[in-house]
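Q: Here is what each chain is made of, one letter per residue.
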Amino acid sequence: MSEYFHSVTLDKDACRGCITCVKRCPTEAIRVRNGKAQITGERCIDCGECIRVCPHHAKLAVTDPLSSIERFKYKVVLPPPSLFGQYKRQEDLELIRAALRRLGFDEVYEVAAAAELVSDATRRLMEQGTLNKPVISSACPAVLRLIRIRFPQLLENVLPLSAPMEVAARLARDQAVSETGIAFITPCPAKVTAIKNPMGTEKSSVDLAISVSEIYPALLSAMNKCAKEGTGPDTAQSGRTGLSWGNSGGEAAATFTVRYLAADGIENVINVLEEMEGDRLSDQDFVELNACPAGCVGGVLNIENPYVAATRMKHLRNYRPVACNNIEGKAIPEEILWDAEVKPISALRLDPLPQHSMKMMREIEEIESKLYGLDCGSCGAPSCRALAEDIVLGHSTEDACIYLLKDKVEAVRASMLSLKLDSRDKSGDKPCV
Amino acid sequence: MSDMSGNSLHYHYIVPGDDFTQAGAASSAVKQILKQLGLNPQTIRKMSISLYEGEINMVIHAGGGEIDVDIDDKKIVAVLTDYGPGIEDVDLAMQAGWSTASEQVRGLGFGAGMGLPNMKKYSDELIINTTVGAGTKVTIVVNIEN
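First to last, the protein sequences are chains A and B.
When the count follows the working numbering, it moves up by one through the first sequence with no breaks and lands on 1707 for the last residue.
When the count follows the working numbering, it moves up by one through the second sequence with no breaks and lands on 222 for the last residue.
Isolated chain A (complex conformation):
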């Protein structure tokens, strides 16, 4: 897999070259060039904002079709907590579990169950007092990638534990027979990227990522059939703690710390990270950050309105015990710990050599001072500043700015008008003397 695999991709035929996504991208990773949007892989964090805002549905998330599970002899499915908020008329977790088995999965392993183990591990690590405070959650892959690109200094505050999806897959893998395929039902493109291009480990234990929107209709019809026939004994694996991870604040509350903060929505997340970088949140113990509004229930591949889903999950949680999973013994199992370092990504610096960067920055300032500062986006960049950067980096030219171009045309017109043409007679006759 290439270093910059991304789930978020473009449907070129559907793209009309408008700048809606360009303006909304939190890392300024998109430009419109030759009438089509282009994503800079190095800067993209797969947050899915462009998918959310594209009026022409030209931004897609690459996921696996439901039929792809047929490749495997033994099929395990990992439903995330947020999936349980997607459907109406659900009394318990068992209906979705039964419906997933009916769709052909041999085993259902709730990600919420693994989340409870991650919560337990978090509490243990925080009690040991060896983590840098405030501790930042590592569960949202879009946020983790954002930190690697824009806030690399804060990597030393990130909780060095695998996300519940990964932990669930590893535990399922440990128990599974050969020829097992593990499919995660994903609410967002960032999780797909985290499977193909993992952080904190070399290779993900998840084989497939099927989107909620892909499985939604099939699962609904299976749920209806199961509801008629009865679902059998309750085999649900997770309690309130794990299920609450689907909403913003759930993970933070499960740390049992008093001073915690939970922010959701990518702009809010960036603001909180700015505060942390300025050392202005040092009174907090734990900071939970989710790129999507309301948390994973707000994932762009979900069907239900995030706040409706969150309310449903609250009702579902009421009938569950506090937690169903705890770490046995003293040590934190290796399945939960990171086994690879998460490094900064230098996608923002202009050049590896500071002297070169200084020179380029001077050129950027010079070009920016010539631009009109309207941030109109007609050049395909999100702002005049971004265009100046693109020009210096060799990705664009001053002619991309329609206002500069207009000035140029105006100058040409003026010089045309000022020309005093010699009115030589073209007939060829010699002038009379």
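Just so you know, these hints were derived from the structure itself, not from any lab.
One thing to keep in mind: the hints can contain errors.
Below 25 Å or equal to it, Euclidean Cα-Cα: the simulated DMTMM-like pairs (lysine to aspartate or glutamate) are [claimed, not checked]:
1. Lys1502/A with Glu1578/A
2. Lys122/B with Glu1639/A
3. Lys196/B with Asp1285/A
4. Lys150/B with Glu1639/A
5. Lys1470/A with Glu1302/A
6. Lys1470/A with Asp1285/A
7. Lys196/B with Glu1549/A
8. Lys150/B with Glu201/B
9. Lys1633/A with Asp144/B
10. Lys1477/A with Asp1613/A
Short, incomplete list of chain A residues facing chain B, as computed with Cβ under 8 Å [what the hints assert, rightly or not]:
11. Pro1426
12. Gln1427
13. Leu1535
14. Glu1548
15. Asp1553
16. Arg1586
17. Ala1621
18. Asp1625
19. Pro1626
20. Pro1628
21. Gln1629
22. Ser1631
23. Met1635
Note that the structure is a prediction, hence the values are computed from the model and not measured.
Heads up, the beta-carbon is just placed ideally off N, CA and C, and yes, glycines get one too.
Given chain A, work out where chain B should sit, using these hints.
A: Quick look at chain B alone, frame taken from chain A:
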């Protein structure tokens, strides 16, 4: 805003007074530039924290002012100039927890008396020139280490 004289980068910012919604805008802009220059994260951190504190001080105590930032390959120098009341006792102002901020300002979460001490802590050099009744000029120097 900037000019291109010599081999350094120069930026000029105007800090509006008593506008807490915009407080921190200049230090945030400088931080972004330092990140693009690819400087050592520790250098960026030192400059952005001390400049933020200085900027907030201008808003709280001096009715705003101006900030000039010069960056060359050896150091970053920020000069914060205001025409506010000045500081009566600089030694006292440098003590952690000491502040003349109003109750209203404290209610907003500012004025904890950590501004100048933090600027001292995070900068490599801090020079304060102040005249009571005329204003204050604070110079923050952070050396660039790579």
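Q: For every hint, state whether the structure bears it out.
A: Taking the hints in turn, this is what the structure says about them:
1. Lys1502/A with Glu1578/A: With a Cα-Cα distance of about 23 Å, the restraint between Lys1502/A and Glu1578/A holds, given a limit of 25 Å.
2. Lys122/B with Glu1639/A: 24 Å, holds
3. Lys196/B with Asp1285/A: Not satisfied, since the Cα-Cα distance of roughly 53 Å exceeds 25 Å.
4. Lys150/B with Glu1639/A: 20 Å, holds
5. Lys1470/A with Glu1302/A: Answer holds: Lys1470/A to Glu1302/A is near 23 Å, not above 25 Å.
6. Lys1470/A with Asp1285/A: 20 Å, holds
7. Lys196/B with Glu1549/A: 20 Å, holds
8. Lys150/B with Glu201/B: 14 Å, holds
9. Lys1633/A with Asp144/B: This hinted pair holds, its Cα atoms lying about 19 Å apart.
10. Lys1477/A with Asp1613/A: 10 Å, holds
11. Pro1426: 6 Å, holds
12. Gln1427: 4 Å, holds
13. Leu1535: 14 Å, violated
14. Glu1548: At about 7 Å, which falls below the 8 Å cut-off, the nearest Cβ of chain B leaves the hint on Glu1548/A intact, so it holds.
15. Asp1553: 6 Å, holds
16. Arg1586: Because about 36 Å separates Arg1586/A from the closest Cβ in chain B, which is outside the 8 Å limit, the hint is violated.
17. Ala1621: 10 Å, violated
18. Asp1625: 7 Å, holds
19. Pro1626: 7 Å, holds
20. Pro1628: 6 Å, holds
21. Gln1629: Given a least distance of 6 Å, the restraint on Gln1629/A holds.
22. Ser1631: Status holds, d = 4 Å.
23. Met1635: 6 Å, holds
Comparing the model with each earlier hint shows violations of hints 3, 13, 16 and 17; every other hint is respected.
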